[in-house]
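Q: For reference, the chains in residue letters:
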Amino acid sequence: MKFYVEPLSKCTQRLGSLSEIESKPTVNIKTPAVMLHTQGGQIPHITHEVFKLVSRKSQILQIPLAGMHTFKEAMQYYEGTISSFIGSKDSLSCLTLQDPCNITKQGHHSTLKVPIWTKNGKVYYDAKSYMDVVESFKPDIYFLLSDGDTNISSSEKRIAKSVSNTMNFYKECLDRHRKSDALKHSFVIAPIVGGYKQISRERYISFILEDMKNVDGFLIDGLHNNGPEAEFLEFNEIEPIVRCILNKIPTEKLRVVQGCWNPVNIINLVELGIDLFDTSYCHILTERSAAMTFAIEITDQTNTYEINLRDSKYVDDFQPILIGCECLSCTKYSRAYIHHLLSVHELLGPILVMIHNVYHYLRFFEKIRSCIQNNTLQTLQLSITEQFRNHQKTK
Amino acid sequence: KSPLVFSILTECGTSKARVSRMILPHGPVDLPVFMPVGTQGTLKGMLPEQLEELGLQIMLANTYHLGTKPGTEILQKAGGLHKFMNWNGCLLTDSGGFQMVSLLKLAEITEDGVRFQSLNDQKAEVMLTPEHSIEIQNAIGADIIMQLDDVVKTTNPDKERIEESVHRTTRWLDRCLKAHQNPDTQNIFPIVQGTLYEDLREKSAKDHIERDVRGFAIGGLSGGESKDDFWKMVHLSTNILPKNKPRYLMGVGFAEDLVVCCALGVDMFDCVFPTRTARFGCALTRKGQLNLKKEQFKKDFRPIDENCPCNTCKNYTRAYLSGIVTVLPVACHLLTEHNIVFQMNLMKDIRQSITKGKFPDFVRDFMLQVYPTKNYPSWIIDSLSAVNIKLK
Ligand SMILES: [Zn+2]
Ligand SMILES: [Zn+2]
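Chains as they are written, first to last, in the working numbering: chain A, 1 to 395; chain B, 396 to 787.
In short, the hints are calculated from the structure, not lab data. Be a bit skeptical, because a hint or two may be false.
To be verified - Okay, derived cross-link-like pairs now, BS3-like style, lysine-lysine, Cα gap no bigger than 25 Å in a straight line: (1) K640(B) / K411(B); (2) K638(B) / K627(B); (3) K72(A) / K688(B); (4) K119(A) / K689(B); (5) K688(B) / K122(A); (6) K787(B) / K682(B); (7) K693(B) / K89(A).
Being a predicted model, the structure only gives us computed values, none of them experimental.
Just need the whole structure built from these sequences, with the hints factored in.
A: Shown next as structure tokens:
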């Protein structure tokens with residue numbers, strides 16, 4: 001897999017593509033892109049079969065290890081890749097450590113080991129056991145092991161530990177990658193840790209710059225502890241540290257952030273030159289029965305930012321979630337029906353909300369790319385920011 | 396034009412089984428058919444688009460649940476359940492009575508109807524009368540609707556009470572037929588009662604066939620009675636019910652029961668079992684059920700069933716499903732799809748074998764797959780031999 005991007009400058013919006021994928025030569029993913037967040041190999045509420053009703057385009061599935069730990073043993077015997085095992089052989093897979101939708105509990109770190117939370121509780125991975133899994137999964141893209149358990153209030157001691165752990169992981173994982181035949185086509189993303197301390201981030205980056213062969217991209221890790229809180233992070237708090245990192249890392253490589261960033265912060269991060277995100281925001285919204293209704297185009301007929309379909313005012317509202325939206329939910333189902341499904345706890349309720357949310361989010365990313373192309377990203381940013389602010393006020 | 400046109404296509408030369416077609420306002424239904432249950436206007440996480448794709452022609456919805464939520468007012472505003480849930484195929488609704496009696500401990504039956512304490516905040520006493528049941532079912536707008544019947548547990552031995560229920564059920568049928576507002580678009584089916592008393596069941600069936608209706612249901616079975624009693628009552632009922640109208644056996648859905656009851660001349664079935672069991676990680680196969688949670692499937696890279704045409708079997712292994720069943724909601728969708736396809740395929744095979752004049756062979760092959768050592772339960776041997784199909 002190759003990543004091409006332009007322009008090659010430090011902190012500006014950019015357009016790129018992931019292509020020349022060995023197993024899928026016709027696939028070409030345009031960036032800024034959004035990976036489909038999965039749990040246990042499935043987009044929450046939407047099977048791969050149903051997703052085909054949402055979009056037929058090739059996608060990258062973000063596969064957090066936590067939900068896949070249960071298959072660790074089975075995968076050693078399975079002959080195919082993780083994509084085909086989870087029933088989506090035409091998708092690209094990106095194996096990640098933590099699940100952006102679930103809070104990474106703090107204070108469980110250990111020297112040279114990282115905890116993840118599986119359905120059976122806490123499990124530790126070290127570089128060797130992690131790379132064993134990566135080798136048996138054979139993902140198209142994967143994150144190297146990292147200790148990213150930091151956020152804006154982390155202590156210096158915690159940050160120092162996170163940096164030293166991750167330095168060790170970096171060396172050991174890369175060593176293993178270079179020797180591995182199964183991973184010779186896998187695209188490697190190196191997490192960058194160091195919390196909100198510029199000097200720690202710089203220290204970590206200069207360490208990896210010494211030997212970056214086989215590293216294809218970077219994950220800006222350690223900004224938050226995942227889970228719903230990431231939605232409400234203030235951009236001015238994260239901006240300096242993101243800028244500091246982007247100023248130091250090579251511009252031609254893929255830049256990734258994880259987490260359920262709200263649309264305003266997505267645009268802000270795109271403006272700084274981030275290339276890859278995930279759909280965890282769609283899932284977090286769906287869990288609270290909320291559907292995105294913010295306008296992407298000025299022609300979109302909406303005056304709300306998001307709506308909560310559990311609200312009893314929708315009980316006899318036979319309009320679609322978003323008038324004019326062409327997703328399956330909006331073309332075939334009413335707010336009243338979805339409200340009914342949610343209020344009687346039927347499985348189809350969150351399915352229909354999630355279909356709309358994913359569709360809307362994918363459309364939002366398409367718009368971002370076309371705005372970069374036309375040099376109008378700032379207009380979009382102003383519009384989304386205003387809608388977001390009005391929404392915050394009415395809450 | 397009649398809202399139900401029934402025509403028999405082929406009769407089995409040996410048993411009472413038949414292949415027929417029933418044309419309802421929302422399309423044709425090939426019989427014998429299994430109807431999955433979509434209680435609250437949705438089928439366990441399956442999109443109507445997917446069900447259509449599978450070729451599903453008819454499903455069930457529950458009047459008691461839909462009458463409670465969203466309620467008749469919303470359903471009327473929506474233009475009926477078909478439109479509300481975006482399902483263009485056929486629908487059948489029950490009367491609500493059975494669910495009320497089984498779900499609510501406080502239900503009491505009087506000549507007027509079923510009296511119960513509402514589950515809403517006011518805890519008011521409410522009455523479901525035959526007229527009210529039809530009113531709700533008219534609002535839902537299903538192609539086939541059920542009369543309110545006086546349900547007595549099959550295990551209740553009190554013959555006097557059962558006799559009362561038989562007569563009352565017929566009286567209620569007449570009230571339902573009178574209250575029915577949409578005779579041109581919805582068909583009321585009477586329900587044959589009488590639990591396990593032959594004379595009472597005969598009386599019930601004979602009373603009902605005198606009414607102007609387009610099909611019949613056999614009720615009050617599949618409620619804990621012995622299999623020996625069960626098949627005899629089905630056999631007796633189909634002997635009395637006219638051949639030129641469809642016969643619906645309520646609450647039956649296990650594969651063996653379906654095969655036997657088709658042989659006894661039943662055309663329609665429904666049961667929550669295939670979809671309910673999916674939620675617990677259970678997949679149906681001709682050789683029996685697979686509980687995918689079991690350790691033995693953790694490294695089993697075969698599909699649930701190599702011969703199954705469903706998407707789940709095409710795309711997923713037992714090993715993968717084993718790790719997600721009961722953990723992810725989507726696993727329930729995947730197994731539901733498989734189990735519905737399993738039921739539909741079984742019915743298709745039954746229809747095809749009758750059409751080809753090979754139904755008795757099909758029954759023997761089917762039973763041999765389930766009982767490879769031929770240790771057939773006596774009720775299966777007896778019921779099939781009552782319609783001239785000999786196992787062994
Ligand atoms: Zn939509
Ligand atoms: Zn299947």
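Q: Taking the hints in turn, state whether each one holds.
A: Hints, one by one, checked against the model:
Restraint check for K640(B) and K411(B): satisfied, since their Cα atoms lie roughly 14 Å apart, inside the 25 Å limit. Between the alpha carbons of K638(B) and K627(B) the distance comes to roughly 18 Å, so the proposed pair stays at or under 25 Å and holds. For a cut-off of 25 Å, the pair hint linking K72(A) to K688(B) stands: about 16 Å separates their Cα positions. This hinted pair checks out: K119(A) and K689(B) have alpha carbons roughly 16 Å apart, not beyond 25 Å.
Restraint check for K688(B) and K122(A): satisfied, since their Cα atoms lie roughly 21 Å apart, inside the 25 Å limit. Distance restraint check for K787(B) and K682(B): the Cα-Cα separation of roughly 17 Å lies within the 25 Å cut-off, and the hinted pair is therefore satisfied. Proposed proximity of K693(B) and K89(A) is supported: the alpha carbons are some 20 Å apart, at most 25 Å.
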